Amino acid sequence: MSYTKETSRFTRRQFIKASSALSLSAFFTESQAAPNAGLNRASPDCRPNLLFLNLDQLSHMALSCHGNPHVNTPNIDRLAKRSVDFSRSYTPDPICCPARASWATGRYPSETNVVINNRPLRSNLPDYGQWLGKNGYQTVHIGKWHVPGRPLHNSFQLVPHNSHPQGEYSDNLVALSFETFLANRDTARPFFAQVGLMNPHDCGNAPRTSKHPFPFPHLKDQLPPFPPNFDFDRREPEQIKQMHKGLMKFTEEWTEENWGHQAWLYYRMVEMVDVNVGYILDTLERSPEHENTLIIFSSDHGDANGHHRMLFKDNFYETSSRVPTMVCFPGKVPAGLLDDTHLVSGLDFFPTLCDYAEVDPPKDLKGMSLRPLLENRSTSWRNYLHAQSKATGRMVVDDQYKFIRYYGSETIQLFDLKNDPWETTNLAYSNSHQGDCNRMTAEIDRMEQTLDNVDLPDALMRRT
Amino acid sequence: MHTSFDLYPSYFRRFPKSVDGNQSLRLRFDIHAMRNYAFYNEGAKRTGPFPQVRHEGSLEIKCKTTPTRSKYMDVHHSREWSTWTGQAPSSKQDIIAKINYTDDATGTLQNWEMSYSSTPILPVKSYKYNGLGPMLKHGRIKQGMIELTASREGVSNIQLNTRYPVTTLYTLIERFQSGNAAATTVDYLDDLTMLRPGLAITALPDDTIEIEGVPTKLHGYALVGPAILPLFIWMDERSNVIAVIGRNVAYTLIEAENV
Numbered sequence: 032m033s034y035t036k037e038t039s040r041f042t043r044r045q046f047i048k049a050s051s052a053l054s055l056s057a058f059f060t061e062s063q064a065a066p067n068a069g070l071n072r073a074s075p076d077c078r079p080n081l082l083f084l085n086l087d088q089l090s091h092m093a094l095s096c097h098g099n100p101h102v103n104t105p106n107i108d109r110l111a112k113r114s115v116d117f118s119r120s121y122t123p124d125p126i127c128c129p130a131r132a133s134w135a136t137g138r139y140p141s142e143t144n145v146v147i148n149n150r151p152l153r154s155n156l157p158d159y160g161q162w163l164g165k166n167g168y169q170t171v172h173i174g175k176w177h178v179p180g181r182p183l184h185n186s187f188q189l190v191p192h193n194s195h196p197q198g199e200y201s202d203n204l205v206a207l208s209f210e211t212f213l214a215n216r217d218t219a220r221p222f223f224a225q226v227g228l229m230n231p232h233d234c235g236n237a238p239r240t241s242k243h244p245f246p247f248p249h250l251k252d253q254l255p256p257f258p259p260n261f262d263f264d265r266r267e268p269e270q271i272k273q274m275h276k277g278l279m280k281f282t283e284e285w286t287e288e289n290w291g292h293q294a295w296l297y298y299r300m301v302e303m304v305d306v307n308v309g310y311i312l313d314t315l316e317r318s319p320e321h322e323n324t325l326i327i328f329s330s331d332h333g334d335a336n337g338h339h340r341m342l343f344k345d346n347f348y349e350t351s352s353r354v355p356t357m358v359c360f361p362g363k364v365p366a367g368l369l370d371d372t373h374l375v376s377g378l379d380f381f382p383t384l385c386d387y388a389e390v391d392p393p394k395d396l397k398g399m400s401l402r403p404l405l406e407n408r409s410t411s412w413r414n415y416l417h418a419q420s421k422a423t424g425r426m427v428v429d430d431q432y433k434f435i436r437y438y439g440s441e442t443i444q445l446f447d448l449k450n451d452p453w454e455t456t457n458l459a460y461s462n463s464h465q466g467d468c469n470r471m472t473a474e475i476d477r478m479e480q481t482l483d484n485v486d487l488p489d490a491l492m493r494r495t
Numbered sequence: 046m047h048t049s050f051d052l053y054p055s056y057f058r059r060f061p062k063s064v065d066g067n068q069s070l071r072l073r074f075d076i077h078a079m080r081n082y083a084f085y086n087e088g089a090k091r092t093g094p095f096p097q098v099r100h101e102g103s104l105e106i107k108c109k110t111t112p113t114r115s116k117y118m119d120v121h122h123s124r125e126w127s128t129w130t131g132q133a134p135s136s137k138q139d140i141i142a143k144i145n146y147t148d149d150a151t152g153t154l155q156n157w158e159m160s161y162s163s164t165p166i167l168p169v170k171s172y173k174y175n176g177l178g179p180m181l182k183h184g185r186i187k188q189g190m191i192e193l194t195a196s197r198e199g200v201s202n203i204q205l206n207t208r209y210p211v212t213t214l215y216t217l218i219e220r221f222q223s224g225n226a227a228a229t230t231v232d233y234l235d236d237l238t239m240l241r242p243g244l245a246i247t248a249l250p251d252d253t254i255e256i257e258g259v260p261t262k263l264h265g266y267a268l269v270g271p272a273i274l275p276l277f278i279w280m281d282e283r284s285n286v287i288a289v290i291g292r293n294v295a296y297t298l299i300e301a302e303n304v
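Those protein sequences? They're chains D and Y, same order as listed.
Start counting the first sequence at 32; every next residue gets the next number (our numbering).
Start counting the second sequence at 46; every next residue gets the next number (our numbering).
Derived by calculation from the structure, the hints in this document are not laboratory data.
Quantities reported herein were computed from a predicted structural model and do not represent experimental measurements.
Where a beta carbon is used, it is the ideal one built from N, C-alpha and C, also for glycine.
Misleading hints may appear alongside valid ones.
What the hints assert, rightly or not - In the DSBU-like style, the derived pairs of lysine-lysine whose C-alpha atoms are separated by at most 30 Å in a straight line are:
1) Y/Lys-262 to D/Lys-251
2) Y/Lys-262 to Y/Lys-187
3) Y/Lys-143 to Y/Lys-187
4) Y/Lys-62 to Y/Lys-187
5) D/Lys-165 to Y/Lys-107
6) Y/Lys-107 to D/Lys-242
7) D/Lys-449 to D/Lys-394
8) Y/Lys-262 to Y/Lys-137
9) Y/Lys-187 to Y/Lys-107
To be verified - Chain D stretches covered by chain Y per the calculated footprint, using a threshold of three residues with CB under 8 Å from any CB of chain Y:
10) 230–238
11) 242–251
12) 288–302
13) 307–314
14) 385–395
To be verified - Across the chosen pairs, the derived CB separations fall in these ranges:
15) D/Glu-389 to Y/Ser-55: 49 to 59 Å
16) Y/Gln-97 to D/Glu-389: 29 to 39 Å
17) Y/Asn-202 to D/Glu-389: 55 to 65 Å
18) Y/Ala-248 to D/Asp-252: 32 to 42 Å
19) Y/Arg-185 to D/Asn-166: 36 to 46 Å
20) D/Asn-166 to Y/Ala-133: 54 to 64 Å
21) D/Leu-250 to Y/Glu-257: 50 to 60 Å
22) D/Asp-108 to Y/Val-304: 43 to 53 Å
23) D/Ser-411 to Y/Pro-179: 30 to 40 Å
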């Protein structure tokens, strides 16, 4: 779902077409190196640096490069122009701890034990900090981690900045700490840096403000109107109905101005952290490391931001579960390529990092390396993408549909993402879509059989 | 009551004596920060109210007058955070700066030196400590451009275009304290490094709130625009900047004196 169709960058189809007729070098703006320029396996010094730059609560649709007219993100837009931008990218779980534990381990929340915030990570799963550290990388963590039960120093060799307060007064410092690390790092080894910025997560606190009249009358024309799915199909699983009920406690009396105020604040937070992303990119681009650093940029989940009359996250609607994922590697990865074909998950980051680090990944990772896609090599890719939520929720997406089911709820959801990108009509009860529901139910059941799930307390499985 | 006050008035202090803002002075602020999620202790037991406000650092500004239109200040801006409620701070970041700026309505920056350091101070014995820095940076405004230079090898200049007078939290506070600030448009150099261009300083309606049991009339301004959450600057009848309030953080004045 985007506000407008992206037109300023290449789609993968255009890329493939062009590559058959033109020199591929036209697509590589940072250097003239060929896309498959080999990494020297014999010399560990030649392996690329790996920067995983992550934000918190950034929706895919909340960027100007994705067509949103209410926000201006020149720095992330700049990154998009230098990256492959995977526009069909979803979080493994649309809330902080489960998503982050899945990033770090490459396993689904039902396998990591982190099925809700603050449940500890299963101890016998290696994480990417440990894995890359064991394999010759200097590993550093800066900013937000939020993987419960896995102390940072058990995962990273350097933890110079370990806090995650509100982004409003901490994200500047995360960017400065990355700069300081870069100036002080061990240049004999490649680095893996996980840099976690907080915003726009601060929107969790914004409803305190949004319930008041907008305090700047001269800026009222900046307030976004109701989103196109403010009215929607109310046939929702019980777990989501309960969320609506909780939100109604403070949004029931809200006017369009209050909703607009909330959205306005969210977009200012997105712009706020965009400045920090820009500082990090500037710092890297002006350093000798730039040409040999792979950047993965993503967010742990999005924010409902008024869509479906919801706020925050922890649901499968696109605003909360679909996140930006951009991968930049100057000269090695096409710049400005919009991939709107492949279904990508946050589970894919760990195998991708291992692939570029030239180390075998731990066994049983559930994600797939993005490297073949990034280097335009033929590969078989997934037809279905899975995500989980609230311990009991399961989502599966294919090239057209999204199917949602929660254990303990009889109400299911099916959305046609091609023809109803704002998810306003639940097709699960349409006779003509029973086949799709059955097919996607079977796909969830098939996936469950492949997972090494932990036993969860009954109370958690019953919770709504 | 203005929306910006909803969490913080209990931290405001009265300043019955006047401080001459046009003489050398020292201002010290406590930083009170709002958390909306980490209200558990280390045993995962939920504690305290929601939302929760914690003391998470301090800001000290020492300004010196000079016979010219150029002014000078020393700044120590320290932010320290706990992972868990009630736990000792686990991470601390410091900015120490020397700033030359202009005696105008926005405290326009001229040149500055800053030192940045990050110190994890985790209280758990088995943790290692990996402080960073200090990283030294020099900044100046030259022909409408901000130039930031890191002194360490490997990190070269950052240049940022500007359109409006370049100011920062520290010099703005001093300009308001001295009664010299005015509503205008500025480029805001947050933490002396992150540029948030094109922000408006706009006047707010006066308000009256009770501070330490005494009704106090406040007048204020907001810094508002793209890439920032509105920042509200409130002054008492004597022009003491008693609070600078964002959405998740408040700087509250605790000491003000001529030196």
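Taking the hints in turn, this is what the structure says about them:
Note on Y/Lys-262 and D/Lys-251: the hinted pairing holds, with a Cα-Cα distance of about 27 Å set against a maximum of 30 Å. For the given pair, Y/Lys-262 sits about 41 Å from Y/Lys-187 by alpha-carbon distance, which is inconsistent with the 30 Å threshold. About 18 Å separates the Cα atoms of Y/Lys-143 and Y/Lys-187, which keeps this hinted pair within 30 Å; it holds. Only pairs whose Cα atoms come within 30 Å are accepted, and Y/Lys-62 paired with Y/Lys-187 is rejected, the gap being roughly 40 Å.
This hinted pair does not check out: D/Lys-165 and Y/Lys-107 have alpha carbons roughly 48 Å apart, beyond 30 Å. With a C-alpha separation of about 38 Å, the suggested pairing of Y/Lys-107 with D/Lys-242 is violated against the 30 Å cut-off. A distance of roughly 35 Å separates the Cα atoms of D/Lys-449 and D/Lys-394; the hinted pair therefore is violated under the 30 Å criterion. This hinted pair does not check out: Y/Lys-262 and Y/Lys-137 have alpha carbons roughly 35 Å apart, beyond 30 Å.
Of the supplied pair hints, the one linking Y/Lys-187 and Y/Lys-107 holds, its CA atoms being roughly 25 Å apart against a limit of 30 Å. Figure legend: the region 230–238 of chain D, annotated as covered by chain Y; annotation consistent (4 residues with Cβ-Cβ distances under 8 Å, at least 3 required). Requiring three or more residues with a Cβ within less than 8 Å of a Cβ of chain Y, the coverage given for the region 242–251 of chain D holds, as 5 such residues are present. By the rule of at least three residues with a Cβ nearer than 8 Å to a Cβ of chain Y, the coverage given for the region 288–302 of chain D holds, with 4 such residues.
Here's how the region 307–314 of chain D fares: 4 of its residues keep a CB closer than 8 Å to some CB of chain Y, so the rule of at least three is met and the hint holds. Remark: the region 385–395 of chain D is not confirmed as covered by chain Y, as 0 of its residues place a Cβ nearer than 8 Å to a Cβ of that chain, below the required three. Separation of D/Glu-389 from Y/Ser-55 is about 57 Å and conforms to the stated range, judged on CB atoms against 49 to 59 Å. Between Y/Gln-97 and D/Glu-389 the C-beta distance comes to about 46 Å, which lies outside the given range of 29 to 39 Å.
Distance hint check for Y/Asn-202 and D/Glu-389: the Cβ-Cβ separation is about 34 Å, which falls outside the suggested range of 55 to 65 Å. At roughly 20 Å, the beta-carbon separation of Y/Ala-248 and D/Asp-252 lies outside the given 32 to 42 Å, and the hint is violated. A C-beta distance of roughly 43 Å is found between Y/Arg-185 and D/Asn-166, which places it inside the suggested range of 36 to 46 Å. At roughly 35 Å, the beta carbons of D/Asn-166 and Y/Ala-133 sit outside the given window of 54 to 64 Å.
At roughly 34 Å, the beta-carbon separation of D/Leu-250 and Y/Glu-257 lies outside the given 50 to 60 Å, and the hint is violated. Look at D/Asp-108 against Y/Val-304: about 47 Å separates their beta carbons, and that is inside 43 to 53 Å. Between D/Ser-411 and Y/Pro-179 the beta carbon distance is about 51 Å. The supplied range of 30 to 40 Å is therefore violated.
This entry does not satisfy hints 2, 4, 5, 6, 7, 8, 14, 16, 17, 18, 20, 21 and 23, going by the numbered hints stated previously.
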